[in-house]
Amino acid sequence: MEIPVMVGAGLVVIGVGLGIGRIGGSAMEAIARQPEAYGKIQTAMLIAAALIEGIGFAALFAV
Amino acid sequence: MRKTFFTRFFLVATLLLAQFTFANEQEHEAEEHGKDLKTEIKEYISHHLKDSHDFSLFSYTKENGEHKYVGFPLPVILWDNGLKVFSSSKFHHGETIAEVDGNHYKLYHSKIYKTDSEGTINYDEEHHPTNVKPLDFSITKNVVMIIVTGLLMLWLFTSLARSYAKNNGIPTGAGRFFEPIVLYIRDDIARPNIGEKRYKKYMPFLLTIFFFIWFLNIFGLTPLGINVTGNIAITFALALMTFLITNFTGTKDYWMHQFNPLGNTMPWYAKIPLYIILVPIEILGLFIKPFSLLIRLYANMQAGHIVLMSLIGLMFIFKSWLGSPLSFFLAFAISLIEILVALLQAYIFTMLSALYFGFASEDHHEEGHENDPELVHL
Numbered sequence: 001m002e003i004p005v006m007v008g009a010g011l012v013v014i015g016v017g018l019g020i021g022r023i024g025g026s027a028m029e030a031i032a033r034q035p036e037a038y039g040k041i042q043t044a045m046l047i048a049a050a051l052i053e054g055i056g057f058a059a060l061f062a063v
Numbered sequence: 064m065r066k067t068f069f070t071r072f073f074l075v076a077t078l079l080l081a082q083f084t085f086a087n088e089q090e091h092e093a094e095e096h097g098k099d100l101k102t103e104i105k106e107y108i109s110h111h112l113k114d115s116h117d118f119s120l121f122s123y124t125k126e127n128g129e130h131k132y133v134g135f136p137l138p139v140i141l142w143d144n145g146l147k148v149f150s151s152s153k154f155h156h157g158e159t160i161a162e163v164d165g166n167h168y169k170l171y172h173s174k175i176y177k178t179d180s181e182g183t184i185n186y187d188e189e190h191h192p193t194n195v196k197p198l199d200f201s202i203t204k205n206v207v208m209i210i211v212t213g214l215l216m217l218w219l220f221t222s223l224a225r226s227y228a229k230n231n232g233i234p235t236g237a238g239r240f241f242e243p244i245v246l247y248i249r250d251d252i253a254r255p256n257i258g259e260k261r262y263k264k265y266m267p268f269l270l271t272i273f274f275f276i277w278f279l280n281i282f283g284l285t286p287l288g289i290n291v292t293g294n295i296a297i298t299f300a301l302a303l304m305t306f307l308i309t310n311f312t313g314t315k316d317y318w319m320h321q322f323n324p325l326g327n328t329m330p331w332y333a334k335i336p337l338y339i340i341l342v343p344i345e346i347l348g349l350f351i352k353p354f355s356l357l358i359r360l361y362a363n364m365q366a367g368h369i370v371l372m373s374l375i376g377l378m379f380i381f382k383s384w385l386g387s388p389l390s391f392f393l394a395f396a397i398s399l400i401e402i403l404v405a406l407l408q409a410y411i412f413t414m415l416s417a418l419y420f421g422f423a424s425e426d427h428h429e430e431g432h433e434n435d436p437e438l439v440h441l
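Chains A and B, in that order, are what the protein sequence lines are.
If you count by this note's numbering, then the first sequence holds residues 1 to 63, one letter each, in order.
If you count by this note's numbering, then the second sequence holds residues 64 to 441, one letter each, in order.
These are calculated hints, taken from the structure and not from any lab test.
Since the structure is predicted, the reported quantities are computational estimates derived from the model, not experimental observations.
Some hints here could point you the wrong way.
Label pairs and their calculated CB-CB ranges [said to hold, decoys possible]:
#1 B/Leu303 / A/Ala32: 41 to 49 Å
#2 A/Val7 / B/Phe220: 45 to 53 Å
#3 B/Leu337 / A/Ala62: 41 to 49 Å
#4 B/Met216 / A/Leu18: 36 to 44 Å
#5 B/Asp199 / A/Ala32: 26 to 34 Å
#6 A/Pro4 / B/Ile295: 23 to 31 Å
Yeah, the Cβ is synthetic: ideal placement off N, Cα and C, and Gly gets one too.
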């Protein structure tokens, strides 16, 4: 595979990692603030993470 | 009573299935003799990921170079100026050319092409075959798995419903595992997104989609090599159903919202420059939302299988005391994650479908009435 393709794939993975990391981080903070809302926060976090991962996979497969 | 029925059913099914299993002896050409481990692993992985016309459970090579396949062939149904049905054992795993009614068919890379008696395949510049392909309606491995999953779900849920009727609303046995899941789909996925009035219409579809995708994903993790949801045609069909249901049950407000997103908030001459950009994006979003469902499920499953099989193959490449156990444990950990991903992807698909149904069936909000200056607030 050519170099630009590999660089593009690497950038996509960086983007996905940063995005999901930030969501995870803010979910942790929210749980720390209000531990009884743990279920709802976890649900929302998983949904957002799956959306970002979907875009990441689409980009990787197009590459 | 139900427990003995369960065990009897599975005993009969296993015995019936065992009648059809037999081993085919194969002699391989000299070209395959010098295959090194990496190409063999790559072939094995791609065989696992692709659909095939026979249900081969596993194959092994004996010491004198013969391949033995254990499995059973599936019927091939073609439409080529007439219906032709034959067993895929005539293909001998891609080795020979099947001759049916004077037509010759050759299996090349899991697709059937029509050739002459020599088996020539004409390639174009990009090394794609240009032979005529007859319409292929065969019962392949994926079709068998879909039918099996459908029958399993049918049996499971009808017996669940019957146990409710017998026991006055309290589930027994396997029902105790499925009832919280069904209630979760109703209370936390359907009701918040679709609203109280209309969620009942969409519940059968959401439940079916959830359990279908979940069971198919779990079946893909077994070593039988059945990769159904990692097939883009199947996820395309599921996303197409979501798309059709969203659009055919959309209320008038939904379509108005698509083509008139800003509503009453601005006079018409101010909306035109915005609409030139906004309306194409909305229409594009109409197609991209189910498309993302399709890609997400397909890519997650496919990538998971590739990673898992590559790690298992890595075990055989590192023939050492240190590398192989490490890759074994890594493969084990990743397969645990894959079990979680199976459930998660089914949940995400159902959740996003419910969200799109909610968009489609929303009632008329009061748009722009809040800023009405005529109202006097006391």
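So, going through the hints one by one against the coordinates:
| no. | hint | result |
| --- | --- | --- |
| 1 | B/Leu303 / A/Ala32: 41 to 49 Å | holds, 43 Å |
| 2 | A/Val7 / B/Phe220: 45 to 53 Å | holds, 49 Å |
| 3 | B/Leu337 / A/Ala62: 41 to 49 Å | violated, 30 Å |
| 4 | B/Met216 / A/Leu18: 36 to 44 Å | holds, 39 Å |
| 5 | B/Asp199 / A/Ala32: 26 to 34 Å | violated, 56 Å |
| 6 | A/Pro4 / B/Ile295: 23 to 31 Å | holds, 25 Å |
Violation of the numbered hints given earlier is confined to hints 3 and 5; the remaining hints are satisfied by the structure.
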